[in-house]
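Enquirer: Here is what each chain is made of, one letter per residue.
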Amino acid sequence: MTPAVRPRQPPRPWLLGSIAVLIYGFLNAPIAVLVIMSFNDSAILSLPFRGVTLDWYWTTFGDTAIQASLLNSLKVAAAATLGATTLGLLAAFAVYRYSFFGKTSFRIALNLPILLPGIVTGVAMLAYFSQLGLGLSLGTVMVGHVIFGLPVAFGPILARLSQFPRSLEEAAYDLGARPGQVYRGVIFPYIRSAVIAGALLAFTLSFDEVVVTLFLTGRENTLPMEIWSRLRTDITPEIAAVATLVLAASTLLVLMSQWIAHTDEVV
Amino acid sequence: MNTETMSVARMRRRPGLQLGLYGTLLPPLVWMTLLYFVPIALLLIYSFWRLESFEIVQTFSLDNFKTIASNAAYRRVLVRTVAIALGVTVIDAAIALPLGYFITRHGGRYRQLLTLLVILPLWSSYLVRVFAWKIILGYNGVINTVLLSLGILTTPSQAFLYNSFAVTLTFVHVWLPFMILPVITAFEQLPTSLLEASADLNARPWTTFRRIILPLVMPGVLAGSINVFALTMGDFITPSLVGGASDIMLGNVIASQFGVSYNWPLGAAFALVVMAIVFSGLAIVLRRGALETL
Amino acid sequence: MKESLSQNSAIYLDAVTKVYPTAKGDFYAVREVSLDVQPGEFYSLLGSSGSGKTTTLRLIGGFEIPEYGEVYIGGEVVTESRPFQRNVHTVFQDYALFPHLTVAENVAYPLTVAGVNRSDIAPRLQEALKLVQIPDLGDRRPSQLSGGQRQRVALARALINRPQVLLLDEPLSALDAQIREAVRQELRQLQRQTGITFVYVTHDQEEALALSDRIAVMHSGRVEQVGPPSEIYENPASLFVAQFIGQANFLTGAVVAAAGAATPTVTVAVNGRLIQAIALNHDVPVVGATATLMIRPERISLSASPADNQVGGKIVDVTYIGQRVESLIDTPVGLMKVVQLCRSPAIGESVTLGWQRDRCILLPGFADPTLSPK
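Chains as they are written, first to last, in this note's numbering: chain L, 221 to 487; chain D, 1425 to 1718; chain C, 30 to 403.
Note that these hints are calculated values from the structure, not bench results.
Just so you know, nobody snuck in bad clues.
Short derived list, chain L residues pointing at chain C, Cβ under 7 Å:
1. S387
2. V406
3. P409
From the derived model, a few chain L residues whose C-beta atoms are all more than 12 Å from chain D:
4. V225
5. V272
6. T273
7. L274
8. T284
Cβ coordinates follow ideal geometry from the N, Cα and C atoms, glycine included.
Let the hints inform the model, and build the full structure from the sequences given.
Expert: In structure tokens:
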């Protein structure tokens, strides 16, 4: 046998690849720094690194203020996700199915809360609620989060709906299905992954939202509000531990949703 | 056919009342109108009121806008905010283009993972991400530690933090995913055959990029740009964490007018200025036909 | 007359009109179309895209509601009823199989949504799958099927609860050319076997001629002619039908004589030559009127035997197409196409073309010059 001839390799994009590695480093280095700092055996959130400890995680688990704010954040995000996804789904249906006067303007107007900076939404709603004499609370925060969550859910749902072959729906009606059966049995399975994606995005955005919340919140803090108040006063590695836990939880959540989307595609 | 059946047959059927349309359109429309469009309109009205001895005077005046135009400090903040927002947008676009090209053309079966790695930073707290740059750039920070141990510096430098460099760098980092994602989408919609056709017609890679790729992914770049531009225009977290005293932006001014300074009409006027600037950016983007990718 | 038609027909369309408002005003997709489809018939709607054939099918299926006119199915007015209220099913052009359901779940769908018991579904499902010869594919997903198999699933699904009428929207257009003919035969057999009325939309004239009991040729939203395939081919009612179906030679000239009562013979001067024809579908034209004559290429003989019409010519082109030979011949009345079996003449040869007057159909108006043989 002749000495093994190496198959010819396609040229590799070395330059582009190196640039990509640098960009990924830039994107993820701060996250890595945070995770490392959460294990730092030091009283302040700063170098030098004085050794590995899990103390800051134990502190976090025992921190009632963090727990209370986490619960508030979950409440707000859950309510905002439910509201935003429901309204986004309805709006996407209206745009997909019907033609009506001002449809394009309606689409653009729905997207305004994410096109305009959050501070505009925040101060506008603050002024509005104050004009109405409405006190600020977690409820007003939820309302604010539904406002910017709506376009976030609306986008992917409409994108998926517009790929939905109309003939599938007509076939279902043709074969004797009622509107309710058509929606549950044919349309919803088709757009399910987009609804989940939209809901998840609305949830993550709400869970991490700072600016709108800052203007609309009452006495009760959400988790970002709690972090914000601490970042300006006592900065310990506990904050890094909280951020690491949030990162781990959301990674888990997103991987789960990816898995759901994946099983969806197999179907 | 006699005339009577004729006239019956000629009656035109009209589509019935579209219950489905109202059922789906009205809830989001009413919600958005009552809780968003009306507040925005109210903000508009606020900007024409004015504050006199801690009382809001509800009469029309242009005082707030005159204040903004005549105050040199405010004008500097305005110019700096727009300059930083434009700079961050351009830098992010310049980073996103090669990365988007790399992921879609050379990502292969790792494409989804590579895209996921772009979004990963978004899953940790935004505030903490901004703060991470303080750890990296600070006096006892990562960069100073590295430079000291390499012997490049003998004493830690304070040049990295609390200036507009730190503000720009942090913005570039925190908003980068919002630019990369639409750019990736645009690259994914670009048929390989077009690139092959361009090469087949003897265009060199750079020419193909400039003449074929760039124009076709432009809608994605524009959609990302309006995201990044708007996010930067309204932010006040980053300047207050990593910026110096002279690095405040329009967001800080608005936040302080609605907070400690308690001059809501002036704050509303500033918010209106921000809206006007973002809208003009949006108008440019819409004219280039990037609505579909938004 | 109308009452009896609407009562006895499987489908009866009474002057239906479908209008779409556009920026430039109303667009009439279907204009005053009246059709009656008899029970058990294989009925085709034939036309090019934009002729209104698919819209007509959608009006029967209930996906569109006509602005004017009525739709009767089995003698009942269904004009404004929803698709799920009509006992007609459709085989869609893209088959519209539900991607998230298995083949069995797709086929059983009409029974499932009607609330039929699980135990009653199974035997009917097997029967339906057997009918279309895919008894073992029940567990597959649509994405795992070939084009031909998908088409069978769509058929089984539409047939499982025995509709009065089956509507088929270009069901063969998504298939490869090789299997299209085989599936065509099976469709015809399936229709005979089940006895269900088929309404079949196609743009393929060969398909329509091969399958149908009757064909309605549509053009610009109107019905041009309704009849059995042989009548449509041999005796087109209009210039459009003559040009749309099959190949034909068209000669245009002025009427110089018209005589006879039962089968009126008309003489037309074409480039100075007198050609005899019969006017079957039309009133006898007045002398001096312009008329077009249609002669199918296979109705012209090149032998010197006597015929009603004869012209000399020189062969300019010969195309060999397997079983037959097409010749293009330069004659005093223009270029003529002739189709023959077996004999292959040589280019440059002088020949005499002959055809009988009853094979020469008179049509009013001018022929479209782009449709003459080249």
